[in-house]
Amino acid sequence: MQKSEVPITTGVVPGASIAAEVTPSPVGTTTPAHKDTRADTVADAVDRRADRRERLVIVAGQVGIGVGFLAVWQLVSGLWIDRFFISEPSLIAERIVDLAASGELWMHLRVTVIETGIGLAIGLPAGVILGIAVATSRIAGRWVYPYIIALYSLPRVALAPLFIVWFGIGLFSKVMMVVTMVLFVAFYNVYQGVKSIDRDLLDMTKSYRASRWITLRWVMLPAIGAWMLTALRLAIGLGLIGAIIAELIGSSVGIGYYIKLSSNLFDTTGVMTGLLVITVLAMLLEQVVAFIEKRVLRYR
Amino acid sequence: MTASVTADLAAPTSTKLSVRNLSLSYRTNKVRHLALDGINLDLAEREFVAIVGPSGCGKSTLLKIIAGLADHTAGEIYLDGQNLGDASVPPGVGMVFQNDALLPWRSVKENVRLPLVINGVPASEQRDRVAELLTMVNLDGYADYYPRQLSGGMRKRVALARTLAYDPSLYLMDEPFGPLDAQTRVRIGGEFLKIWERVGKSVLFVTHDVEEAIALADRVVVMTAGPGKIKAEHRVPIPRPRDYEEVRFTDEFHEIRQQIWHELQSEPLPDTVKK
Ligand SMILES: Nc1ncnc2c1ncn2[C@@H]1O[C@H](COP(=O)(O)OP(=O)(O)O)[C@@H](O)[C@H]1O
Ligand SMILES: [Mg+2]
Chain C
1 MQKSEVPITT
11 GVVPGASIAA
21 EVTPSPVGTT
31 TPAHKDTRAD
41 TVADAVDRRA
51 DRRERLVIVA
61 GQVGIGVGFL
71 AVWQLVSGLW
81 IDRFFISEPS
91 LIAERIVDLA
101 ASGELWMHLR
111 VTVIETGIGL
121 AIGLPAGVIL
131 GIAVATSRIA
141 GRWVYPYIIA
151 LYSLPRVALA
161 PLFIVWFGIG
171 LFSKVMMVVT
181 MVLFVAFYNV
191 YQGVKSIDRD
201 LLDMTKSYRA
211 SRWITLRWVM
221 LPAIGAWMLT
231 ALRLAIGLGL
241 IGAIIAELIG
251 SSVGIGYYIK
261 LSSNLFDTTG
271 VMTGLLVITV
281 LAMLLEQVVA
291 FIEKRVLRYR
Chain Y
301 MTASVTADLA
311 APTSTKLSVR
321 NLSLSYRTNK
331 VRHLALDGIN
341 LDLAEREFVA
351 IVGPSGCGKS
361 TLLKIIAGLA
371 DHTAGEIYLD
381 GQNLGDASVP
391 PGVGMVFQND
401 ALLPWRSVKE
411 NVRLPLVING
421 VPASEQRDRV
431 AELLTMVNLD
441 GYADYYPRQL
451 SGGMRKRVAL
461 ARTLAYDPSL
471 YLMDEPFGPL
481 DAQTRVRIGG
491 EFLKIWERVG
501 KSVLFVTHDV
511 EEAIALADRV
521 VVMTAGPGKI
531 KAEHRVPIPR
541 PRDYEEVRFT
551 DEFHEIRQQI
561 WHELQSEPLP
571 DTVKK
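In order, the protein sequence lines correspond to chains C and Y.
Going by our numbering, the first residue of the first sequence is number 1, and it counts up by one from there.
Going by our numbering, the first residue of the second sequence is number 301, and it counts up by one from there.
Fair warning: there could be bad hints in the mix.
[To be verified] Listed below are the simulated BS3-like cross-link pairs for lysine-lysine, each with C-alpha atoms no more than 25 Å apart in a straight line: (1) C/K294 <-> Y/K409; (2) Y/K409 <-> C/K206; (3) C/K206 <-> Y/K501; (4) Y/K409 <-> Y/K529; (5) C/K260 <-> C/K195.
In case anyone wonders, no lab produced these hints; they're calculated from the structure.
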């Protein structure tokens, strides 16, 4: 046995820490909780101004690109490329005004939105439930996983004619098309989300003997929140595509129907108008998702 | 009433946890590795036992097995005399994880409230209890902060408060102060010692810091590097309540530390053991 009397410290200097012990507040705080001073108020104002300037630059750039694109399009068409092929923004604007005035725009838009909406309302929850079920079950989940992935890679466009045979030419076949488009996105994102949950968090609730419901509410759903929002974002675009495809194949109303009709008449402006309406709709919905995202992921 | 108090005081000799010949082996690339080899360990009611050992010797694995979060391949675990089956999570066992395992999407007070929700504590009592616990760990005024806004030391306090909220009869602590800087580590260790001396529950405390182990524990168990085995045990004869910093200057402390250092030094380096 060694008999050294000199303490071989492991990096801890006992004397140094005693001085720190005097203050009762927690150590190492990066954001000390103190009352706002005047300097803080000034600093806040400076921060806010910088934030606002940055946001302005970004929005200006976004609008600029859109306007620039339309301007080039307007200039080029009729000058270098025949209007027959690419139409032109002023014609499309005129058409939108006409369709809105006659009520035709709302009629088509309403149907497409309803189809997409119902499809999302069925497909997303179904995908989320399926994703959680498959990801959390040890055996049964692995039985069905390869089949779900196989279905995922099926070209859904080819299903459209079948769906019309199975579900008729009305609303139902369109809704089913939307469902097949969005269900897999929701499934896959949620599945990956659940698989990537921090093991320690699940071990923690398990060691506390939490019920499945509490684990789902406190750990799983919040942990996959970002994944579900990604799924929602992708699903809105895909859902609209699904509805349009189904309408192209067989329908008597909807934006897809209007595009098909215009295309049969070689009416490029009509086709472009339909596409533009869908694009604008997708952009508006994207804003809604961004708003939800900001609220849900505030903890980051 | 007096009778039950005396009975309680006499209780410390009864066994809380008993680990018998516990082994764990696992297979990688056709080779079976022995991770834990015949671990025998007893923990009395209200006893504080620290486990020290080189990193990778299976300390975390041992705690996880006891907590029912991992399987073992041989041996038994008895909690309050009950034989625990393979990977069944026993009641009244609270784990403090090596990383703090806080829910990033819940505020400090919500994180601490979780075990109360699980235990079915009435909603009306939850708020007061959470406030009380946050005071206990020196986190007054931080109830509405999110984990990412806190320093490492403060997150450890939250994790500690959460485990206290669960009110287990056995605490399993896996290097709870591991990633902290030396000064914060000593401070939180001291605060924890005071809280524990008040709460008085059984603790199995894993650490790689020999001084921390001696200053906190009634008994220090030394584990060897892979396969994890118990090499030695030291009773720490320093009376309680202890002053977490002052105990380090006592002769008993130096002597035990010297012995443990010697035992650990004769172990091969963890790097040469792995693979
Ligand atoms: N089921 C398992 N599969 C693969 N490796 C394992 C398994 N269980 C334990 N190990 C290995 O055993 C060793 C012990 O790890 P751990 O308990 O984390 O050690 P410590 O906490 O003492 O640092 C590690 O090298 C780990 O990789
Ligand atoms: Mg470990």
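Status of each hint after checking the structure:
no., hint, in the structure
1, C/K294 <-> Y/K409, "holds (22 Å)"
2, Y/K409 <-> C/K206, "holds (20 Å)"
3, C/K206 <-> Y/K501, "holds (21 Å)"
4, Y/K409 <-> Y/K529, "violated (40 Å)"
5, C/K260 <-> C/K195, "violated (42 Å)"
In terms of the numbered hints stated before, the structure departs from hints 4 and 5, listed from lowest to highest.
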